[in-house]
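2 protein chains.
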Amino acid sequence: MIDENKNKIVISDDQFVFIPLGGATGIGMNFFAYGYKGKWLIIDCGLGFPGENLPGVECLLPDPSFLAERKKDIVGLVITHAHEDHIGAIGYLWHDLQCSIYCTPFANELVESKLNEMGLLGRADTCLVKKGDVINLGPFEIEFISMNHSLPEPNALAIRTAEGVVIHTGDWRLDLDPILGQAPDTEALKALGDKGVLALVCDSTNASGEKSKATEADVRDTLVRLVKQFPDVHIAIGCFASNVARMESIVYAAQEVGREVCLLGRSLWRIDAAARATGYFNDMPEFLSEDEALDKPRGSVLFICTGSQGEPYSALNNLAATTPNKGSVYFGADDVVIFSSRVIPGNEKAISLLQKRLSSKGIKIITDKDDLVHVSGHYAGDDLEKMYQLVRPKIALPVHGETLELTYHSKVARKCGVPFVFCLEDGEVLALNGEEPEVLGEVPAGILAVDGKQIIPLNAEVIKKRRKMMDEGSAVLTLVLNKEGQVLGQPQLSTFGLLASDSADNDEILARITQAMASIPPEKLSDDLFINETMRHTIRQFLSEKYGKKPLMDIHLIRI
Amino acid sequence: MIDENKNKIVISDDQFVFIPLGGATGIGMNFFAYGYKGKWLIIDCGLGFPGENLPGVECLLPDPSFLAERKKDIVGLVITHAHEDHIGAIGYLWHDLQCSIYCTPFANELVESKLNEMGLLGRADTCLVKKGDVINLGPFEIEFISMNHSLPEPNALAIRTAEGVVIHTGDWRLDLDPILGQAPDTEALKALGDKGVLALVCDSTNASGEKSKATEADVRDTLVRLVKQFPDVHIAIGCFASNVARMESIVYAAQEVGREVCLLGRSLWRIDAAARATGYFNDMPEFLSEDEALDKPRGSVLFICTGSQGEPYSALNNLAATTPNKGSVYFGADDVVIFSSRVIPGNEKAISLLQKRLSSKGIKIITDKDDLVHVSGHYAGDDLEKMYQLVRPKIALPVHGETLELTYHSKVARKCGVPFVFCLEDGEVLALNGEEPEVLGEVPAGILAVDGKQIIPLNAEVIKKRRKMMDEGSAVLTLVLNKEGQVLGQPQLSTFGLLASDSADNDEILARITQAMASIPPEKLSDDLFINETMRHTIRQFLSEKYGKKPLMDIHLIRI
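Top to bottom, those sequences are chains A and B.
Be aware that the first sequence starts at 213, since it is given in our numbering, and climbs by one per residue.
Be aware that the second sequence starts at 213, since it is given in our numbering, and climbs by one per residue.
Isolated chain A (complex conformation) (with noise of 0.2 Å):
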């Protein structure tokens, strides 16, 4: 997987360089390494998300080997904030990077318990840094500036070393009036800005335009207003379980009416517990689990949700599915289903299938597009502009986007001024001090896909395999011989998502396999190739004559 070349950039000890190892084009694995006097510094190590053309497939992550090949040089990883495309990786890299994780008191709580799953808590050594603090690492300096985004404790990072200081956002919006949390700490921004930015690293996501400016505020006074309006029936609002801003506000409209909560979705209970665990809804009743939630009558709970995204197994799917008196809460006509999240790219069939099946039990539905039930945790309008005012860097380095957000962005900070602007590609390496910064080159950098409990290269053969197969099918027949080419036993064949079980055709390819031994000429009986190509090509051709299909194939053939 290494290409050689690609190790053989020379980074020399007075250069200051960045290197999105993750994250740079498009949405997902943030995972970004700065080098100083030979040491390495790690901001995020997060996971992303597999299309459907990755048959099987969990999860993506970063490729870490540039790092792993550095590993007693790492200085250590510093965590922006909570979400899994900033942390979801750590368990499974963590033995490739093996350094310390510092991170703020609830994104802990999360990567701690991460690090339980994997069986690796207590060996990976884990760092509380609280907000405002600022630590040392090596030639590097670590300053926490709190922003504002929709879970607790966001930060961006001022990375400074003797070349200058660095400013890397993580993900952002400028909420001045916040739900969650305090609003972010532009004045820190403009104070490095008046010293000089040598660069700023942020975030893409909304760059080709977020219009609206509303704000979690006001998606709070729209779910009151819309729980109000419907008194005496279910409702259940389905939302990101990482929007932690989002779960305050629908508590929040639960309380003006006096309804209890109950949450519905595992990720929903791992979040709480970390909220609680680090301070946060400590002034929030328990929340209902649905057992509890069963007897109460209608109008008197609140269901918070997983799975708005149509997710086949999560909470919203499960509401469609149940029917009355079977032990679970029973969602049907006349209640409320409120979807208080986006539709990101890619879900747009599994929500609309999932909306169809909660239309068809007489259930309302109340989307963004209805009302004002969702804002975005990423920067909107002229945020980005007030950013690149405040801190008026040198280098802007547009991270985190599609190619459209990325060209948005960077035309964005040209405007403001800034005189450098790189789009990276992931594993492109950027000095940043010297006159001009400059490129020097590419190290390896890449996606692997954890496939069950293996962690393999996206372009692996079996991936490859299985989507031929899925459209294809497979095949494999047995045929045992003995030396003289006689046939011994009854030849088998198994055919996977071809021939129906109960298919006659099986018989038709087990006869014609006979018909083809029988037809081959004595000196050949002995040619184990011979026969092999024989008998795949009277399958494949009957395969394809009648079905149209072209199967991956196996011949086992045993000579008795």
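Treat the hints as calculated values from the structure; they're not laboratory data.
The reader is advised that the hints may include incorrect statements.
To be verified - Stretch-level coverage of chain B by chain A, calculated; a stretch enters the list once three of its residues show a Cβ under 8 Å from a Cβ in chain A:
no.: 1; region: 261-267
no.: 2; region: 563-577
no.: 3; region: 678-692
Claimed, not checked - Pairs of lysine-lysine residues, derived as DSSO-like cross-links and limited to a Cα-Cα distance of at most 30 Å, are as follows:
no.: 4; chain 1: A; residue 1: K680; chain 2: B; residue 2: K568
no.: 5; chain 1: A; residue 1: K568; chain 2: B; residue 2: K423
no.: 6; chain 1: A; residue 1: K680; chain 2: B; residue 2: K676
no.: 7; chain 1: A; residue 1: K680; chain 2: B; residue 2: K680
no.: 8; chain 1: A; residue 1: K680; chain 2: B; residue 2: K762
no.: 9; chain 1: B; residue 1: K680; chain 2: A; residue 2: K581
no.: 10; chain 1: A; residue 1: K561; chain 2: B; residue 2: K425
no.: 11; chain 1: A; residue 1: K561; chain 2: B; residue 2: K676
no.: 12; chain 1: B; residue 1: K606; chain 2: B; residue 2: K623
no.: 13; chain 1: B; residue 1: K326; chain 2: A; residue 2: K758
no.: 14; chain 1: B; residue 1: K676; chain 2: A; residue 2: K568
no.: 15; chain 1: A; residue 1: K677; chain 2: B; residue 2: K568
no.: 16; chain 1: A; residue 1: K665; chain 2: B; residue 2: K680
no.: 17; chain 1: B; residue 1: K326; chain 2: A; residue 2: K762
no.: 18; chain 1: A; residue 1: K762; chain 2: B; residue 2: K665
no.: 19; chain 1: B; residue 1: K623; chain 2: A; residue 2: K573
no.: 20; chain 1: A; residue 1: K576; chain 2: B; residue 2: K623
no.: 21; chain 1: A; residue 1: K677; chain 2: B; residue 2: K677
For clarity, every value in this text was computed on a predicted model and none was experimentally measured.
The beta-carbon is built from N, C-alpha and C at its ideal position, and this holds for glycine as well.
Assemble the complex: chain A is given as a structure, and chain B must be docked to it using the hints.
Positioned in the frame of chain A, the structure of chain B alone reads:
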């Protein structure tokens, strides 16, 4: 597949019934039956496109079994217009229907080319209808009413019986100053409304709110402006081949700046042939093939391309892959690609990937987010209300839309004072005449999948297995034993989509098989079922522990 009870519904001779057999809920597969006096009239016969959860399936068809059993009583298949979701299933289902096909010249060209592909030309009887024609088919009199859509000759049908008249709209918009064809015949609709319309069966595609009333003429103006803005570079415009109006607009823009037009993509040439054969495009010069365009200087050709949805082997993806000097048209830095189309839900990722590939070559991309380069061929703004104000039916039958669209459509119908509104499921039978319309019950309806050369039910075992295989892989073990249970020859194992072909785990599994055989108690050595289960368990345990996978599995146990 046929539920016998569903066939037992009794429809009396004096009942005028409407049965959607495809396309009632959802997009695609338009296939509607009207019954009266024991005779059946079919409107449209379209196909649907499978999602990624249907591996290997090329397209979807409505199940024709209800009509196939009444073949001799079918008076004809009448086509509203030539789009795939209205004519695409004709070739596949003709054997089940075997009736005459009535359509206007442009649709006829495309229907005949489909029949030709299936070897049915000359066997299926196609009858030309001109716009404004009235045809008599058994107890039905059908009037063709010109509408406006994105292709030539779209028609609404007024279906008259002694019990009243139904207007069946097909796809439509009310562009009163269209580029292609004439303005919709609102006079005819109003005249029918004045006399009294029993029911309106109406498309729901844009019911939830395409607000912009921009027209194809506006798109044409934008294209002219854009083409003038980039005089000396290659320009490619991606659009749906079925959007004949758009092709005209693009050619108009090319002529404004003196560019020749080259078509890239087979389906564009097919539409071009049908259009020219029926008197369209005749004032346009012949289009260039790719070979002819090769020698033309940059800035002198405008390319129309298929693949605006990111389809893998389409023209736009080919453009993204071109390199200079390869004997094909090369697009590179500063060239322009315009996506003159919308994003069809489900295609977001493929389109984003295509745009990424184009951008990375320095190609400038313009989409409908940047400029007015696309309008829908379906109604917008208050057009739907206007339709109800013209027609004033007793019964509204919203069809062809997802739940959300159908719900919005129903609201509009009620708001316009329609007394009865029904959103039927495919297979539901509605008696239109009588005091009040009445759902009589259900007949067999469903979806078939074109899988290679076979047509199989959507829930067929083979598709389910393929879906499992694509996540979990498949495995076959061959074990040859003598009557005493001794292993003869070498056991062989094939796995697909699980182990790399050079994986040592293949040998490891075979070693465990040998171990497992050795541990079978002597009295069980003649028990094929026991041995089979032991082998399955051995393989499954290894793959589950090490790979986290549970493949489809077969054991070929052969006794010699």
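Okay, the hints, checked on the actual structure:
Residues of the region 261-267 of chain B lying with their CB closer than 8 Å to a CB of chain A number 4, which satisfies the three-residue condition for coverage. A count of 6 residues in the region 563-577 of chain B with a Cβ less than 8 Å from any Cβ of chain A is obtained; the coverage claim is therefore met, three being the minimum. Only residues whose C-beta sits within less than 8 Å of a C-beta in chain A count toward coverage, and the region 678-692 of chain B has 11 of them, enough to reach three; the restraint holds. For the given pair, K680 (chain A) sits about 25 Å from K568 (chain B) by alpha-carbon distance, which is consistent with the 30 Å threshold.
With a C-alpha separation of about 23 Å, the suggested pair K568 (chain A) and K423 (chain B) falls inside the 30 Å cut-off, and the hint holds. For the proposed pair K680 (chain A) and K676 (chain B), the alpha carbon gap of about 16 Å is at most 30 Å, so the pair holds. Note on K680 (chain A) and K680 (chain B): the hinted pairing holds, with a Cα-Cα distance of about 13 Å set against a maximum of 30 Å. As the CA atoms of K680 (chain A) and K762 (chain B) are separated by approximately 19 Å, the hinted pair is consistent with the 30 Å bound.
With a C-alpha separation of about 35 Å, the suggested pairing of K680 (chain B) with K581 (chain A) is violated against the 30 Å cut-off. Simply put, K561 (chain A) and K425 (chain B) have alpha-carbon atoms about 27 Å apart, close enough for the 30 Å limit, and the pair holds. Between the alpha carbons of K561 (chain A) and K676 (chain B) the distance comes to roughly 19 Å, so the proposed pair stays at or under 30 Å and holds. About 15 Å separates the Cα atoms of K606 (chain B) and K623 (chain B), which keeps this hinted pair within 30 Å; it holds.
Proximity of K326 (chain B) to K758 (chain A) is assessed by CA-CA distance (about 21 Å); at most 30 Å being required, the pair is judged to hold. The suggested pairing of K676 (chain B) with K568 (chain A) holds, with an alpha-carbon distance near 22 Å, which does not exceed 30 Å. A threshold of 30 Å between alpha carbons decides the hint, and for K677 (chain A) with K568 (chain B) the separation of about 26 Å falls inside it, so the pair holds. Distance check on the hinted pair: K665 (chain A) and K680 (chain B) sit about 17 Å apart at the alpha-carbon level, within 30 Å; holds.
Between K326 (chain B) and K762 (chain A), the direct Cα distance comes to roughly 25 Å. Compliance with the 30 Å bound is thereby established for this hinted pair. Of the supplied pair hints, the one linking K762 (chain A) and K665 (chain B) holds, its CA atoms being roughly 12 Å apart against a limit of 30 Å. Of the supplied pair hints, the one linking K623 (chain B) and K573 (chain A) holds, its CA atoms being roughly 18 Å apart against a limit of 30 Å. This hinted pair checks out: K576 (chain A) and K623 (chain B) have alpha carbons roughly 14 Å apart, not beyond 30 Å.
Straight-line distance between C-alpha atoms of K677 (chain A) and K677 (chain B) comes to about 15 Å, which keeps the hinted pair within the 30 Å bound.
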